[in-house]
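Chains as they are written, first to last, in the UniProt record's numbering: chain A, 1 to 298; chain B, 1 to 298; chain C, 1 to 298; chain D, 1 to 298.
Fair warning: there could be bad hints in the mix.
Any copy will do: because identical chains look the same in the list, a pair fits if it lies in one copy or spans two.
What the hints assert, rightly or not - Taking lysine-lysine pairs in the DSS-like style, the calculated list, with each CA pair at most 27 Å apart, reads: (1) K269 with K162; (2) K256 with K18; (3) K140 with K265; (4) K256 with K12; (5) K276 with K162; (6) K255 with K12; (7) K28 with K265.
The hints are simulated quantities; they were obtained by calculation from the structure and are not laboratory data.
Spelled out, the chains give:
Protein chains: 4
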Amino acid sequence: MFEKVGVIAKTKVENIDKIIKQLVSHLKGLGVEVVLGEEAASVLNENGIERHKLAGYVDMILVLGGDGTFISAARSVNESKKDIPILGVNLGRMGFLTEVPLSEMYRVLDSVFIRNEYHIEERMMLDVKLYEGDELIIKKTVFNDAVVNKGALARIVPLRVKARISSNIYHVAVYHADGLIISTPSGSTAYNLAAGGPIIYPTMDCVVITPICPHTLSNRPLVLPVDAELTVMMDEEIDDVMATLDGQIGYRITKKHRMVVGKSKRKIKIITQRDKNYFDVLRTKLNWEERKIRSLKC
Amino acid sequence: MFEKVGVIAKTKVENIDKIIKQLVSHLKGLGVEVVLGEEAASVLNENGIERHKLAGYVDMILVLGGDGTFISAARSVNESKKDIPILGVNLGRMGFLTEVPLSEMYRVLDSVFIRNEYHIEERMMLDVKLYEGDELIIKKTVFNDAVVNKGALARIVPLRVKARISSNIYHVAVYHADGLIISTPSGSTAYNLAAGGPIIYPTMDCVVITPICPHTLSNRPLVLPVDAELTVMMDEEIDDVMATLDGQIGYRITKKHRMVVGKSKRKIKIITQRDKNYFDVLRTKLNWEERKIRSLKC
Amino acid sequence: MFEKVGVIAKTKVENIDKIIKQLVSHLKGLGVEVVLGEEAASVLNENGIERHKLAGYVDMILVLGGDGTFISAARSVNESKKDIPILGVNLGRMGFLTEVPLSEMYRVLDSVFIRNEYHIEERMMLDVKLYEGDELIIKKTVFNDAVVNKGALARIVPLRVKARISSNIYHVAVYHADGLIISTPSGSTAYNLAAGGPIIYPTMDCVVITPICPHTLSNRPLVLPVDAELTVMMDEEIDDVMATLDGQIGYRITKKHRMVVGKSKRKIKIITQRDKNYFDVLRTKLNWEERKIRSLKC
Amino acid sequence: MFEKVGVIAKTKVENIDKIIKQLVSHLKGLGVEVVLGEEAASVLNENGIERHKLAGYVDMILVLGGDGTFISAARSVNESKKDIPILGVNLGRMGFLTEVPLSEMYRVLDSVFIRNEYHIEERMMLDVKLYEGDELIIKKTVFNDAVVNKGALARIVPLRVKARISSNIYHVAVYHADGLIISTPSGSTAYNLAAGGPIIYPTMDCVVITPICPHTLSNRPLVLPVDAELTVMMDEEIDDVMATLDGQIGYRITKKHRMVVGKSKRKIKIITQRDKNYFDVLRTKLNWEERKIRSLKC
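This is chain A alone, in the form it adopts within the complex:
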């Protein structure tokens, strides 16, 4: 049973103050202690806990926002090294990670806190290490993807990828492209999908390498086992190339850098409901339900 809930909210949303106030009051009514993150607290003119420290105070996080808010909450949980689960409530309609719409929030909270009815789903993450020469300069864990891509003015980037699989090191390919996405299954419906990559069931353990606008037309997305450790390097010096982690943090890289991506030991725990399912979200978000182009004989 969860006793202390941390609340992380996206605050640039209409009526967010009312939503948070009601939520806090409802949770207190259920006998749950509520700890607000800084942003959520500021909406109520209160003091809250910095996002990256919040996980330390609570035994579960409730995210109010979209998938982006969820990801930044997941990052905080991860950095706290505390292994607590996250419940995502979408302030819009429905997200891949925030699968509970606001209209169903109270019903779901009652399931979780009164009847103890919920399910914990685990999602894999990737550890990304950026080296400059032999020096490790950045180490981060990503939930969605690690991307190397060129700036608007740069020309095609040749990116060499190596894979270490069961202690053998293989040359995968040199991609000539606008960039490269290394995505988790959770990230497969984000940038990877826009770049032509496949949808991967989110609880699977694997990675997908998807080139962005490859100039070798026969290049295709490549799904690899999660224990494949991937190394990405520029094969030729090109200006204005960046490594971007989960779409939010960017580092300028050169031919001296290499990005090493491998399975993270940590997983993110998501609180889900039995009656929710991934395929419903998929069909809704991607508009699969309607037949858009009808048969010529219609």
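Once you have looked at the hints, place chains B, C and D on chain A.
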């Protein structure tokens, strides 16, 4: 001014009898003579004119149905050699060819017949000739596309394409694929689009060759000038390969056959309204209006 | 150590008689007993063992041919219920399954039989059951893929897919398409790739569902865990629809049929060499090595 | 008959000094006056004419390099307002614009200068105007493409496109993507192709709009008539967005800017040989000749 209107209707539609009855009565009220096609007449237990003869009796055709009904009406008009325009009313929401929804039919009829306000848009067609050896066995004009494709059990078909452009004959390529679509701009939003081909503005004069599931991964759709006469032949004998014209007429072909596709001298005239436009149909039919996958930061 | 080797050969190949004769003689020289399959034997005017019985007599199979020959050999091994490994020698250059080119055959045979140096790689398969109503009419194991697709004349097929994952049954989607491919990782570089599916590392355990020319343009290939049991049914009666298993066996299906696809308990064992790797085959077969479209600044 | 030839060369090429020396001597032997561009001259330690002035002195340009060198030569010719043709010699194997390989240069020169045997092919260009508010800040003519795209760190850019076709202004779409390519037929085999756009026969008159990694998965490349004047604007302020013309010149743009793209009155004239053809270049450059993934039955 149009004085005699032929009506071609899709009849497997709820309340089609009421719709046709009201339409006939409305048109008569506007002083227009109405000639029903066979199917439309049968719904009212009357005798009508066979579809392919209808164009001979009237100076415009009104189609009630979907894009498929429109195409078969266009075929009739074409075979009649009479150069009359077609107005398409969609019994569902909106089609690429039947751009007037039922709910706006009377408003549009009043524009056309009372205020004489309408616009004639011309759409190119392709003449398709099928030869067995030197013998011409079939000659048809298509509005959407000529397709060569394999049956469910056949293996990859190697299809050799030649193009005659300004009196030179060029070897285009041998495609190894499930088949090949040669499409008009009107047909570009039909099978061509499902196979990965581009959308082509419908009043343009060109053709697009799109391979279906090509095994040479670098194959791409190819847009050619309309005066390119294309010849398609099987490069190797494969069982169970068909040539299909406008998705409706199929001919089994062998290595002895060749399909020759070129610009038709005839064009189809479509009656359109100034306030309708192609891009509106495109965005609606293809669901472009909504952003389906939101930014990670949403 | 392998003592009895069965040989299955593609026989429509130049000099196949000499190749087999030399091979037999070489293997005998190594002290190995050779049992020829029917086709291989017929080339030497001898009597051989029927392909599907061959596995019963030997403790390893050597395939001389292409990936297709390998697959049919794998099917025989599988039907024999004997768990023996297969070594694939390609009579052309290189295959995904037959990774040893003819020019390296003797070197590899010496590794395997003299120095006992080889590696066994396991590939998953899928069990496919076809039901008509409640009656199980066909049960087969596929190495590459189970495909449902329409004939050349059929219109779009609506295919409903359900997935059973950890005892829950989910509605995945209704695909409106030319057909649907359910592929193993081994099959991912075959029909799946031509239809736009991803490449999946061959020793992984998962399946990919790839629609063929989907009319819902936002449909994308979907990678699922191998323990997902998939059921495919037609959602509307369409004539001329077939289920095809490994590209070779076809069954006409109707709305009364359902195809159930799940993980096979059996795996195929492939004899590989340490110095061979999947990415080399990939780059060579898909032409990734050369940069085909150079930068504008080249 | 051409009497004065300007030579523009890519100089970072092995033995370029010998190649130019021989070329000059050969042309002089044919009675042709040769004027070297600055770079070509510098290789011989001579003084040459600045690239953008060269067209003013000669009646044809010979380009030694790749397609990129050709494009910059075309830009010079265009800026000179002199309507002289260009002959492209590729220092590598073959280009879309530089279709003569070095090994055939002398044979082709003899055709052109001795036997007067050649063909002039015209390629359309696009005039691009960039406005900040109402002020025209840049006006350029592009040979390949005008691109708007985001930098490595920017999020999805919403780009609103309007089209003026026969004096009507239409809302085309708001694309949510990494960017947008507006390409000529000549440019269709460059960035457009990498982003999933179709190949367009190079002498056609049309434009293609291709979104780069669109997040609306049903977006597709759109081919429009050349007289469509397109306006592209950001629909929301996003940092780090650039307009790039022919891959070489970049301008940072904001929500206040709009890019207007329309048919150029000028065309580029290319000197071609009867025995060369576009499809040969296509098949060679895109590796269409070989069947890369063979049938399972091979």
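The hints, checked one at a time:
1. K269 with K162: Answer is between; shortest inter-copy Cα gap is 26 Å, intra-copy 30 Å.
2. K256 with K18: neither (51 Å within a copy, 36 Å between copies)
3. K140 with K265: within (12 Å within a copy, 39 Å between copies)
4. K256 with K12: Between copies only: 24 Å across chains, 40 Å inside a chain, cut-off 27 Å.
5. K276 with K162: between (38 Å within a copy, 15 Å between copies)
6. K255 with K12: between (40 Å within a copy, 21 Å between copies)
7. K28 with K265: neither (35 Å within a copy, 51 Å between copies)
Checked against the numbered hints given earlier, the structure breaks hints 2 and 7 and satisfies all the rest.
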